[in-house]
Structures are given as structure tokens and as C-alpha cells.
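Chains as they are written, first to last, in our numbering: chain A, 1076 to 1299; chain B, 38 to 282; chain C, 8 to 308.
Be aware that one or more of the hints could be misleading.
If you want the ones that stay clear, here's a sample from chain C, every Cβ over 12 Å from chain B, calculated [claimed, not checked]:
(1) D69
(2) V79
(3) N103
(4) E124
(5) R133
(6) Y139
(7) D193
(8) G245
Capping the alpha-carbon separation at 35 Å, the derived lysine-lysine pairs in DSBU-like fashion look like this [unchecked claim]:
(9) C:K194 to C:K99
(10) B:K93 to C:K99
(11) C:K116 to B:K172
(12) C:K99 to B:K95
(13) C:K115 to C:K194
(14) B:K247 to C:K194
Since the hints were made in silico from the structure, they are not lab data.
Yeah, the Cβ is synthetic: ideal placement off N, Cα and C, and Gly gets one too.
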Amino acid sequence: MQWLWENRDLVFGLSLEHVRLSVIPIIGGFIACIPLGWLANRFRMTRAIQLTIFGILFTIPSLALFVTLPSVLGTKILNPINVVVALTIYAIAIMVRGAADAFASVPRDVIESANAVGFSSASRFWTVEFPLAGPVLLANLRVVSVTTVSLLSVGALVGNGALGYLFINGYQRDFPTEIMIGIVFTLVIAVVFDQILVLIGRILMPWARRPRRSPRALMVRGAA
Amino acid sequence: MLFLEALAFIVDPANLLGEKGILPRLVDHLLYTGLSLGVALLIGIPVGLIIGHTGKGKNLVIALTGSFRALPTFGLLLFIILFTGLGLWPLVFVLAVLAIPPIIAGAYSGLDSVNRETIDSARAIGMTEWQILGKVEIPLALPLILGGIRSATLQIIATATIAGYVGLTGLGRFLIEGLAYHDYTIAFAGAILVAALALAADGLLALVQKLVVPPGVSRGSARTTHRSRWNFRPAVSTGTHITGG
Amino acid sequence: MIEFHGVSKRFADGTLAVDDFSLLIPSRKTTVLVGSSGCGKTTLLRMINRMVDPTSGYVDIDGDGIAAMPPVSLRRSIGYVMQNSGLLPHRKVIDNVATVPLLTGVPKKEAHARALELLDTVGLDRSLADRYPSQLSGGQQQRVGVARGLAVNPNILLMDEPFGAVDPIVRADLQHELIRLQRDLDKTVVFVTHDIDEAFLLGDQVVILQVGAHIEQQGAPSDILANPANEFVADFVGSARGKRRLMVDETADSRGDDLVLIDGAGYPAGVVDAPGGVLPGAGSSPKSRSISNKTDQAGDA
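Same shape as in the complex, but just chain A:
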């Protein structure tokens, strides 16, 4: 506790950095998944291709991705862009599959009836399919959020781990308290992000207080 007080500026700064570096992949992943998920749901071929590409990218361990991205992007190894891009790739990988499922979860008859009353393809997407896919999209976004916040700390090995710095520093100084503080603050950020997403979901999708998918199903998707 005393250490935390003495180093409050450091911890606060790292926390801000953590928030900053993880917000970009979360939002980026969400935005990217909308056209991708729609495409995947519309054309079976693109779905298979997307899932394969992102499946492969997602299988690559994060540290390996952090290290290889600089030579792909032409950046310096210590540039935070590398970590942000890597985490965005993971975010999209999680979201793409989830988004395809989300759009597939929109009941067929709802789409048929929207067609029947004369929606154009584009307006149907934004006014019918997108909102109805919302709950499943949100569930996947929550997985993305928690995962991104947690994974970011590995970036410390390439100089951009935000709170992960405390892990390395604490390890090198043989000082467990510092590591524990890093873990606790990471968890706090993860929980705060998650609660914000839940709140946004409640405001934007009042009809979905009880998600279409049971929490069990979400858990499985996230874990397995």
C-alpha cells in the first residue's frame, strides 16, 4: 500500500496508458466486424475465407505477433503501434466469428417480413438486422474487451505493456507487491470496461434485457 502511494503517479500514468492502448483495438475491432460480419453472413464463401484468415492470425501467440509486426508494418520494435495493431487483429478475429453468428441469429422471418413491407437492402441492414444482432455483438465485444485489457500487459516485453511494466519491473526487483498491484489494476480496468459496455447495451438495446443467448452460451464462446 505504501509503495502504491509513493508511486501513485507511475501507476496512474500506466493505467491511463493501459486504457488508451486497449480502447483503440476494442473500438477498431467492433467497427471492422460490422462490414465483415455482414459480408460473411451474406456470402458463404467470404465467411469461410474470413474465418480461416483470422483463425490463423488468432492462433499466433501474442508475443510472436508483437515481434513480427514491426517488419511487416515497417515500424520500430518499440513503437506502441505494433501492440495496438496486434490487439486489433485479435479483436477482429474474435468479433468476426461472433458477428457472423450475430447476424445469423436474426430470425429469418423477421428479415422476410422486413422485405415484405418494402425495406431496401441497406435500410433493412441498419434498421433491422444490425439492432437485432446487437445483443450477440455486445456479448462478443465484452469478450474482446476483457481479452484485450489482459493481453496488453504481455506487450511489456516489447516495451509497450502499460501496466505490464509493473510485472517486469516487480519481477526484476523481486518485489511481488508491484506485480500484484499491476494485476489488480488490470482487473479493475477490465471490470470497468465490461460494466461500461453492459451499460451502453442497456441504453441502446432496452428490448434485450434478457439476452437472446444465455450467459452459459456466452461463457462457452468466450472460454472455448
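Given chain A, work out where chains B and C should sit, using these hints.
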């Protein structure tokens, strides 16, 4: 170019054997992975099957998998090693702890995905609880059970990369050494090797997962109304395992 | 013979599904428990093979209390057919039919031979034996379910809304198949349904239940139809109004010896033999002749 240099490093026979060679480090990586997975399976599978069969404790599964996903594995490993000291078993312990939640979740969700009516009717015609588990639930749940194992394996392989940071070897050692000495060729080579191992393991397990889908489940014709219940959603297969490490 | 003695069942969530229920189910007859959903009929059925144990009271089979019998061996000795067949999706039809014999150690060859015979019995082609359940139609799946129920040649066959999920034409098929089977096999059949028409068609004895498995009336279909015990039963079997009250359609042009019958709503329901245009037993030929057994409600078209 770095990529070609890294490839050159990998294919150079001089780097294959020897104390710091690729092969011994690959073997170590596989050793860490195998041991951790073994421990995780011994604990995770029975627990997951019990929870799935009885339906009791599923809140535990949700809480467990949810909170473990948020836990920064890298920090946890370093934290534990400060108390236990360097060594194989602390690593195996941490990796196993990380792998248990997805294994439990896979086993639980696999059993949970089995149609209640099928189980009910198996019981009604006089199967014992063990027969229901062994002849009905496990065969039908196998794809999802393996999905959980697959996630766990990938998570272990990814996280075991950090072993190189805590005095052990494994393929992650190339990454750590490369970063430490600013020798990015070696770091890149390590990244390629770890990624290749992860992809190979994932591909292999995906294949196994396909093979164990019970025949009647995959071959269904589209005629019956209840068919959809037996379409295992592939969502979990390549799903969202966390690339820890 | 199956006897319920003052049986009650309160589930863990507090609902009293069955409240002090007593009934004698005669051997080699079909007894149908009928009532709307939630009346406890399925709970009653599941008490017979100990899928549910009563909270109080007891159930006997041929005078022996089943509470003392091990559930697994009891269940293996009783056939059970349920809605949506409950077949094992990962096993071929033949292995599904032979499930219980194989469990009890009958050699595979023998069990399979018997399973093939059972496919004949329930009117399925033997070529379906190597299919998986998902490759069959709903009606075929139900037939396999019946075959599986008969596999150990049980004295008792429990059927829990077995035809509830198939379309009306297939259902009628299956119902008549069951009547034929029962004529040949002479089992003690306990059948649960919410469909009163099905109950009257299949049951030697029909038991009409209300919430809590309270018996509103029991007896042969004709008794219940002729003398409903109370308003509820009359309403439930539809004898007071609608389609069970039939009368001759005077406006129909009936040539020959048939008269057209219409139901309470005026829809044609069938024809009745009437040599010379006169109903047998009818003294004269009044304007509207009620065919219902209930004389006090004659003519309420």
C-alpha cells in the same frame, strides 16, 4: 529482409541441435505443454463432466472462465515464480491453472449441449447414470469437449513462450534472447517457430475434432424438424481461445 | 395391473404436481390419462417406472410395491415411448431398437435379429435399420421409438404424448397402427395425451385430469361422452357444444340411404346409415334429429 534472415536462421542446420538449438527447445516447449495439459486434463475433465452431468455448479464455471479471461497470465506467472523460485513445476502449475477453465467449460458445455430429451429417454429405458454418461453424453459432447481441450492447448503453447523469460527454455527463449540482445533475426525466428507450433497443434486438434463428431450427428438429412438440435455449432471450435503469452 | 394408492408429488420448487391420486390401471388394456398441460399426467406416468418417486403414497405393479424395486431394472422391464422419440442420435436405428437388450447382455446378433423383427412389427422397412434417426421422418422416428419400447417384450408400455409432434395425417396413421399393435400384443398400455379425440380413440379406459392430477372423471369413452360428470368434463370433451353434437343436415340433398350429419357449428361431420331416409330407432322424422346421447340438450344447434 528480416523474414528471410529469420527463415535462414531456422533452416540453418547449425541452429538445429546443440544446447541452444531449435530441436531441444522445441522438445522443451512440447514437454511444458504436455505436462501442463496432462495436469489440466486430470482435473478439468472430471470436474467438467460432473458439473455437466449433474447441472450443479454451472455458475462456478461461468465465474471461473469469466474471471480467468481477465487475469493477465504474464503477471500471474511472474508473481508466482517470485514465491516458488525458478523451476519446471511452478511453470507447469501456472500453465495448468490457466488451461483448466477452458477444459471445464468445454466439457460442461459439451454435456450441456446434449438434448435433455435424449438423456431423459436414456434414463427412462433403464440406463444407469454411468451408462448415460459413457454411452450418450460423452459421445455426443465429444466435439465440444475437444474444443475446450484445443483452446487450452493453444493457450498453454502461447503462454509457455514466457518460460524463456523465467529461466527455462522452450521456443520462447529465442524471442526473449532476441529482444534482450536486440538480435531481431533470432526474435523473428522464434516468433515464426512458436506461431508454426501453435498452428500445427491447432490444425491437428481441429482434425481430431472433426473426426470425433458422431456419425448420426453430422450426416443428418434435412428432413426432420429436430435436426437442428444436433447441429453442433462450430462456434466453439476455432472460437475464442485466448492467446495468453 | 398398476395401482396408485393416495399418491402425491411435490417438486423441489414447491409445486404440488399430484395431489392424493388413486387409480387402478387394468392389465392388457389401454388406459389414457388426458388433461391440459400442467395437470400432472406426465408426472403420474413417470411414477410407474420410477423416473419420479412420489412424495407420499405408493404405486404397485401386480401387487408388488415398486418403491422397493431398483429403478434401473424396473425401467428396463417397462417399455417407454416419448414425444420426439428420444432416440440416440449417434446410433443407427437398429442399435437404438436394441439398446436395452444390449444393455442387459443379450448377444448382439440375437438383439439385432429381434430388432429387425420389431421393425416389421411397427411397420418399418428393414432397409431403414442402418440409418441414423436424423435421416428418418418424424413419423418413422416415432415408430422406431415404439419398436424400442417393445424390445424387451415388456408387459407394460408407457407412452408420453408419443404422437404429439407429428402432423395430423401421420398421427392418425400412428394411432391406428397402435390400435392394431395392441390387438396383437395385448400389453398394459398407459398413454398420456392432451388430445381428447386421441384419448377416446385409443383408450379402453379414459381418465380426465385437472390440475394436481385430480380425477374429474374416469371410464369408457362412451360413458364419459354420454354422461359427463360435470361441467368441466362436458366442456373438455366438447359434448355440450361444437363438434360432438351432431344432427342431420336437412338442407343436404341426401339421395339413397345416407343422411349427412353436421356438427354444432353447421360443418359437415359425416354420414349416418338411414335406410329409406329414416334413422333406425327414430319414431318419426322430425325437423331436427339430435344424435347426441344427451336427451336434455337436444336441438341446441
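Least C-beta distance between V79 (chain C) and chain B, which was stated to exceed 12 Å: V79 (chain C) is in fact no farther than 12 Å from some Cβ atom of chain B, at 5 Å.
So R133 (chain C) supposedly isn't at the interface. Is its beta-carbon more than 12 Å from every beta-carbon in chain B? Holds, since 18 Å exceeds 12 Å.
Verify the proposed pairing of K99 (chain C) with K95 (chain B), using a straight-line Cα cut of 35 Å. holds, 32 Å
Below or equal to 35 Å on CA atoms is what counts here, so check K116 (chain C) against K172 (chain B). holds, 20 Å
For K247 (chain B) and K194 (chain C), compute the direct alpha-carbon distance and say whether it is at most 35 Å. Given that 35 Å is the threshold and the Cα spacing comes to 44 Å, the pair is violated.
Are the Cα positions of K93 (chain B) and K99 (chain C) separated by 35 Å at most? holds, 32 Å
Non-interface claim for D193 (chain C), where every Cβ of chain B lies beyond 12 Å: D193 (chain C) is indeed farther than 12 Å from all Cβ atoms of chain B, at 21 Å.
If you draw a straight line from the CA of K115 (chain C) to the CA of K194 (chain C), is it 35 Å or shorter? holds, 26 Å
Non-interface claim for D69 (chain C) versus chain B (Cβ beyond 12 Å): Correct as stated: the minimum Cβ-Cβ distance to chain B is 19 Å, above 12 Å.
Taking the closest pair, is the beta carbon of E124 (chain C) still more than 12 Å from chain B? holds, 18 Å
Satisfaction of hint between K99 (chain C) and K194 (chain C), Cα-Cα up to 35 Å: With a Cα-Cα distance of about 27 Å, the restraint between K194 (chain C) and K99 (chain C) holds, given a limit of 35 Å.
Regarding the assertion that N103 (chain C) does not contact chain B, is the least Cβ-Cβ distance greater than 12 Å? violated, 9 Å
The structure does not agree with the numbered hints 2, 3, 6 and 14 stated previously, though it agrees with the rest.
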